[in-house]
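Please build the complex by placing chain B on the supplied structure of chain A, with the hints as guidance.
Heads up: the protein sequence lines correspond to chains A and B, in order. Residues in the first sequence are numbered from 1 upward in steps of one, following the numbering used here. Residues in the second sequence are numbered from 1001 upward in steps of one, following the numbering used here.
Everything labelled a hint here was simulated from the structure, so no lab data went into it. The structure presented is a predicted model; accordingly, all values stated were derived computationally and were not measured. Don't take each hint at face value.
[Stated by the list, open to error] So, partial list: chain A residues that the calculated Cβ filter (under 8 Å) puts toward chain B: (1) T29; (2) F30; (3) E35; (4) I66; (5) M73; (6) P224; (7) P228; (8) F275; (9) Y291.
Cβ atoms here follow ideal geometry from the backbone N, Cα and C, with glycine treated the same way.
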Amino acid sequence: MASQVNGVDLRVSIGTLSLKNPVMTASGTFGYAREFMPYVNLHRLGAVVVKGISLEPRSGNPPPRIVETSAGMLNAIGLENVGVERFISDKMASLQGIPVPVFVNILGDTLDEYKEIAARLAGVQGVAGIEVNISCPNVKKGGVAFGTVPEMAAAVTSAVKAESTVPVVVKLSPNVTDISAIARSVEDAGADAVSLINTLIGMAIDSRSRRPRLANVIGGLSGPAIKPVALRMVYQVAQAVSIPVIGIGGIETAEDVVEFMLAGATAVQIGTANFVNPRASEDAVEGLAHYVAEQKLGSVRELIGGLILP
Amino acid sequence: MSQFQEKTQIIRIERFASDIVRLTLDSPDIASLAQPGQFVMVRTGNSNDPLLRRPFSISQTSNGKHFQILFKVVGRGTSLLAHCREGEYLSVLGPLGQGFRVDCQRTHCLVGGGMGIAPLLFLGKYLSRKCTRNPPLVILGARTREELDPLVNDFNELGLSVHSATDDGTLGHHGLVTDVLKGLDLGPNCQAYVCGPHPMMAAVHLLCKDRGYACQVSMETSMACGMGACLGCIVPVERGGYAHACCDGPVFDAKELLWQVK
Chain A
1 MASQVNGVDL RVSIGTLSLK NPVMTASGTF GYAREFMPYV NLHRLGAVVV KGISLEPRSG
61 NPPPRIVETS AGMLNAIGLE NVGVERFISD KMASLQGIPV PVFVNILGDT LDEYKEIAAR
121 LAGVQGVAGI EVNISCPNVK KGGVAFGTVP EMAAAVTSAV KAESTVPVVV KLSPNVTDIS
181 AIARSVEDAG ADAVSLINTL IGMAIDSRSR RPRLANVIGG LSGPAIKPVA LRMVYQVAQA
241 VSIPVIGIGG IETAEDVVEF MLAGATAVQI GTANFVNPRA SEDAVEGLAH YVAEQKLGSV
301 RELIGGLILP
Chain B
1001 MSQFQEKTQI IRIERFASDI VRLTLDSPDI ASLAQPGQFV MVRTGNSNDP LLRRPFSISQ
1061 TSNGKHFQIL FKVVGRGTSL LAHCREGEYL SVLGPLGQGF RVDCQRTHCL VGGGMGIAPL
1121 LFLGKYLSRK CTRNPPLVIL GARTREELDP LVNDFNELGL SVHSATDDGT LGHHGLVTDV
1181 LKGLDLGPNC QAYVCGPHPM MAAVHLLCKD RGYACQVSME TSMACGMGAC LGCIVPVERG
1241 GYAHACCDGP VFDAKELLWQ VK
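Only chain A is shown next, with the shape it has when bound in the complex (with noise of 0.2 Å):
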């Protein structure tokens, strides 16, 4: 228990928050936090993000949504959730029972969405950042993706800074040739802290039936496929900005923490892993305890971008 592994610190800061550690769990995987009580003490948790949010209710896409692939998922739900409203009047209650920060990640079709959501969730109680997913089509650009051009990427972020009181993560797109430019125009209209990265677009196919294994066609892959890609990612961004950068992409355990850190993460997510070890972000808080005592470190923080190069 990490509890037991006395004199860790494990605190880490994003923006103005302080989290006792740096595991989060990421949007989309953990629901409201409600569903996962039976199996984690979620006091042990850094942080917990919760189920993107829009300005009005989704029923999300048809089936089927989601699709095992090689060591990973495809998933094309579609944006599912109950609008900003109803998570205000239905969700927030429990969420204001968890004894760790709760980020909400939110997201729109139009920047005045964004504005929108912002400023609804503002001055709620029991908000204590805001995750801004700018993965979505932008519909009054054609749908091009928000967060794949840095001029609109950077519109997002300064609209939904001017309308919150608490931090703001933005949620970057792997989707794109260069990453650290969105990053950076990012951290340039003033975001406290990046995290990386959300889903590969990608595809399954029944080669009998011919027909693609996802109603959509195309679907979001995670998993511990993409590890290997958000790491990377991870390291280029985290030398292109100096916000705090969260990792997500495939970790599960302690070990991947630490690999996040090394390649300048100060804080991860986990995600698919919650489905398959609804505990698995409890057991890599307890992994990570174990490894600072072992390792003999002062802090967690010594980790962070602490990546020895040949």
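What follows is chain B alone, placed relative to chain A:
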């Protein structure tokens, strides 16, 4: 609701037909709490590939200690499970989902097809103990005698007689379970419990609707987590939108679902 993540030991492996396997797992926590119609998520090994757990209905519990899952080998995950050995351990999450809702005042009819028979055995056992005045009527179908025979025997051991149907006519009626159901008069107070291939459940639902029987179905979908987080296991519902098989189901009132009948 209590749910557990446990390493459970494989107590017994039985192989029916060439590709049908039944595992008996040791888990007092899960076995003592499970309700008929609930399911478990099973990890097929320790590696990352295949990555996701597989959902299985609980097909029986015994003595509040053991529970069984029954499956056909259809892919890599089930193939790995079929090659496990007695004494090995499997990581299991459960019991999960909403099971069958039972009212002993009704007459009960269980209709199962193929591996969909699995959760009905648990229900049959429950009904024969709880609703002793009116034992359930059981209609089971499968491809062949080889496949169906051991499953029929399980019901017979509970003292329940079974109407059988096989695709090849090697056991019971040569044809579909719906043919058998059509030939029976179950009275207006009937509650049908159905699990099997989607077209079979759709056909039974329509028949029940026609005759005024209540009908509960257990839906099988692919899912990543089994606990309401991945949102992958949706089923279309009559009022529009989707329900989630893992936590709204897997057992639904058939009238609430949107059936795509050809």
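TODO: Under 8 Å, Cβ to Cβ, is where I66/A needs to be relative to chain B, so tell me if that hint holds or is violated.
DONE: holds (4 Å)
TODO: Tell me if M73/A is really an interface residue toward chain B, meaning its C-beta lies closer than 8 Å to one of theirs.
DONE: holds (6 Å)
Task: Status of the P228/A interface restraint (C-beta, 8 Å, chain B) - done: violated (13 Å)
Open item on the list: Hint Y291/A vs chain B: min CB-CB distance below 8 Å?
Closed with: This hint is violated: Y291/A lies away from chain B, its Cβ roughly 21 Å from the closest one there, beyond 8 Å.
Open item on the list: A closest beta-carbon separation below 8 Å is what the hint needs, so does T29/A meet it against chain B?
Closed with: The hint holds - T29/A has a Cβ within 8 Å of chain B, the shortest such distance being about 6 Å.
Task: Given hint F275/A near chain B, where the shortest CB pair must fall under 8 Å - done: Since chain B brings a Cβ to about 4 Å from F275/A, closer than 8 Å, the hint holds.
Task: Interface hint compliance - E35/A to chain B, C-beta minimum distance less than 8 Å - done: Holds - the Cβ of E35/A comes within 8 Å of chain B, reaching about 5 Å at its closest.
Task: Interface hint status, F30/A versus chain B (Cβ within 8 Å) - done: For F30/A, the interface hint holds, since the closest Cβ of chain B sits about 6 Å away, which is under 8 Å.
Task: Hint check: 8 Å Cβ-Cβ cutoff, P224/A to chain B - done: Cβ of P224/A sits 4 Å from chain B, so the hint holds.
Hints 7, 9 from the list above are not met by this structure, while the remaining hints are.
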